[in-house]
Amino acid sequence: MYRLNHFIPRSILDHWVSNGGTTGQKYNGVWCYLIQEDKIIYSNSKGQKGFSFAIAEDLYVPIIEGMRNVHFEGKWLSGLESTFANFVRQLSEEEPDLKFDDLYEMTKLLMGFYSFKYRSKYDFDQVMAYLKENPNMLKDISQSKDIKVAAIENIVHATTETYLKNKNAELNITKYPGKDVIFGDRPLIEINPATGLSLFPTNPSTIIGINRQVERAPSPIVYRVVNGKISFADFFNKRMAENAYHWLIAFDQDTLKKYIPYCKRGERKGNIHFEPITELPYGWSLS
1 MYRLNHFIPR SILDHWVSNG GTTGQKYNGV WCYLIQEDKI IYSNSKGQKG
51 FSFAIAEDLY VPIIEGMRNV HFEGKWLSGL ESTFANFVRQ LSEEEPDLKF
101 DDLYEMTKLL MGFYSFKYRS KYDFDQVMAY LKENPNMLKD ISQSKDIKVA
151 AIENIVHATT ETYLKNKNAE LNITKYPGKD VIFGDRPLIE INPATGLSLF
201 PTNPSTIIGI NRQVERAPSP IVYRVVNGKI SFADFFNKRM AENAYHWLIA
251 FDQDTLKKYI PYCKRGERKG NIHFEPITEL PYGWSLS
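Heads up, the sequence shown is in the working numbering, so the first residue is 1 and it goes up one at a time.
For the record, the hints were derived by calculation from the structure and aren't laboratory data. Just to be clear, a hint being listed does not mean it is correct.
[Unchecked claim] The calculated lysine-lysine pairs, modelled on BS3-like cross-linking and capped at a C-alpha distance of 25 Å, are:
1. LYS75 x LYS117
2. LYS108 x LYS121
3. LYS167 x LYS108
4. LYS175 x LYS229
5. LYS121 x LYS132
6. LYS269 x LYS121
7. LYS258 x LYS179
8. LYS167 x LYS39
9. LYS258 x LYS269
10. LYS26 x LYS108
11. LYS238 x LYS175
12. LYS257 x LYS269
13. LYS121 x LYS238
14. LYS257 x LYS175
15. LYS269 x LYS238
16. LYS269 x LYS117
17. LYS132 x LYS179
18. LYS75 x LYS167
19. LYS238 x LYS264
20. LYS165 x LYS139
21. LYS238 x LYS179
22. LYS175 x LYS258
23. LYS257 x LYS238
24. LYS39 x LYS258
25. LYS99 x LYS75
26. LYS229 x LYS257
27. LYS139 x LYS121
28. LYS238 x LYS258
29. LYS145 x LYS132
30. LYS179 x LYS257
31. LYS175 x LYS108
32. LYS39 x LYS26
33. LYS132 x LYS117
34. LYS179 x LYS117
35. LYS99 x LYS167
36. LYS258 x LYS229
37. LYS264 x LYS121
38. LYS121 x LYS75
39. LYS117 x LYS139
Model the full structure from these sequences, guided by the hints.
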């Protein structure tokens with residue numbers, strides 16, 4: 001159970017699947033560029049578990065007292081993913097009419113959105129490596145002495161902290177003609193940290209942007225749907241390619257090839273730094 005973790009949910013990757021028959025492929029799949037291998041593949045399930053490029057074994061499952069602990073993967077993360085997947089499905093409509101059951105669902109949506117800033121395999125591995133090199137930092141983020149447990153708890157703390165700072169959110173849904181928007185293994189693009197503005201692609205023709213509205217009282221998410229310019233989609237795709245580390249996907253091969261030159265193979269993506277928790281009333285731990 002939960003041995004193979006999609007660090008990017010299949011419910012999102014599915015939106016980039018193309019019809020294999022139109023490109024001479026036997027199965028439906030997704031065009032993928034493996035950045036560190038400098039290799040283009042057409043990834044399909046062939047009747048097995050799909051999107052192998054986005055799978056890592058037991059990525060979010062620590063061993064606690066000799067037992068695999070699946071609470072984070074099976075409860076906290078899957079809860080966010082199911083809400084976010086429902087939201088992404090609604091955005092497939094040409095004119096989305098978003099519906100949320102209650103404030104709790106909207107909270108999970110925003111938490112799911114911000115989790116993509118911290119949950120990528122690359123970022124998770126970097127935090128693990130940093131803690132191994134700097135074990136004295138462990139006590140600052142966790143009561144556990146287990147580095148993997150601490151790294152997982154850090155995802156929860158950082159996601160929750162970011163949500164609490166930006167919970168009065170405005171959502172912009174931008175629709176583009178065609179299917180030219182690409183996706184990478186580090187898909188949340190932070191545009192303006194001062195306003196909390198971040199962008200995320202939900203399908204090959206849609207990019208969502210969320211930023212906080214400090215002057216607005218807490219209330220349900222305010223959103224609007226607009227038509228985007230191709231020039232901005234091109235700018236966004238270049239940022240996505242620059243931000244990716246392990247892989248990049250596109251709906252078609254030509255679009256994928258267009259942005260491969262912007263991938264920076266072997267380049268370190270940012271630096272690890274820990275910020276003090278200021279919004280959380282209490283911590284979260286695995287036990």
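Going through the hints against the structure:
no. : hint            : verdict
1   : LYS75 x LYS117  : holds (19 Å)
2   : LYS108 x LYS121 : holds (21 Å)
3   : LYS167 x LYS108 : holds (11 Å)
4   : LYS175 x LYS229 : holds (9 Å)
5   : LYS121 x LYS132 : holds (16 Å)
6   : LYS269 x LYS121 : holds (12 Å)
7   : LYS258 x LYS179 : holds (14 Å)
8   : LYS167 x LYS39  : violated (40 Å)
9   : LYS258 x LYS269 : holds (21 Å)
10  : LYS26 x LYS108  : violated (38 Å)
11  : LYS238 x LYS175 : holds (18 Å)
12  : LYS257 x LYS269 : holds (21 Å)
13  : LYS121 x LYS238 : holds (21 Å)
14  : LYS257 x LYS175 : holds (22 Å)
15  : LYS269 x LYS238 : holds (15 Å)
16  : LYS269 x LYS117 : holds (12 Å)
17  : LYS132 x LYS179 : violated (42 Å)
18  : LYS75 x LYS167  : holds (22 Å)
19  : LYS238 x LYS264 : holds (11 Å)
20  : LYS165 x LYS139 : holds (24 Å)
21  : LYS238 x LYS179 : holds (15 Å)
22  : LYS175 x LYS258 : holds (21 Å)
23  : LYS257 x LYS238 : holds (12 Å)
24  : LYS39 x LYS258  : holds (14 Å)
25  : LYS99 x LYS75   : holds (23 Å)
26  : LYS229 x LYS257 : holds (21 Å)
27  : LYS139 x LYS121 : holds (23 Å)
28  : LYS238 x LYS258 : holds (9 Å)
29  : LYS145 x LYS132 : holds (11 Å)
30  : LYS179 x LYS257 : holds (14 Å)
31  : LYS175 x LYS108 : holds (23 Å)
32  : LYS39 x LYS26   : holds (20 Å)
33  : LYS132 x LYS117 : holds (21 Å)
34  : LYS179 x LYS117 : holds (24 Å)
35  : LYS99 x LYS167  : holds (18 Å)
36  : LYS258 x LYS229 : holds (18 Å)
37  : LYS264 x LYS121 : holds (17 Å)
38  : LYS121 x LYS75  : holds (19 Å)
39  : LYS117 x LYS139 : holds (23 Å)
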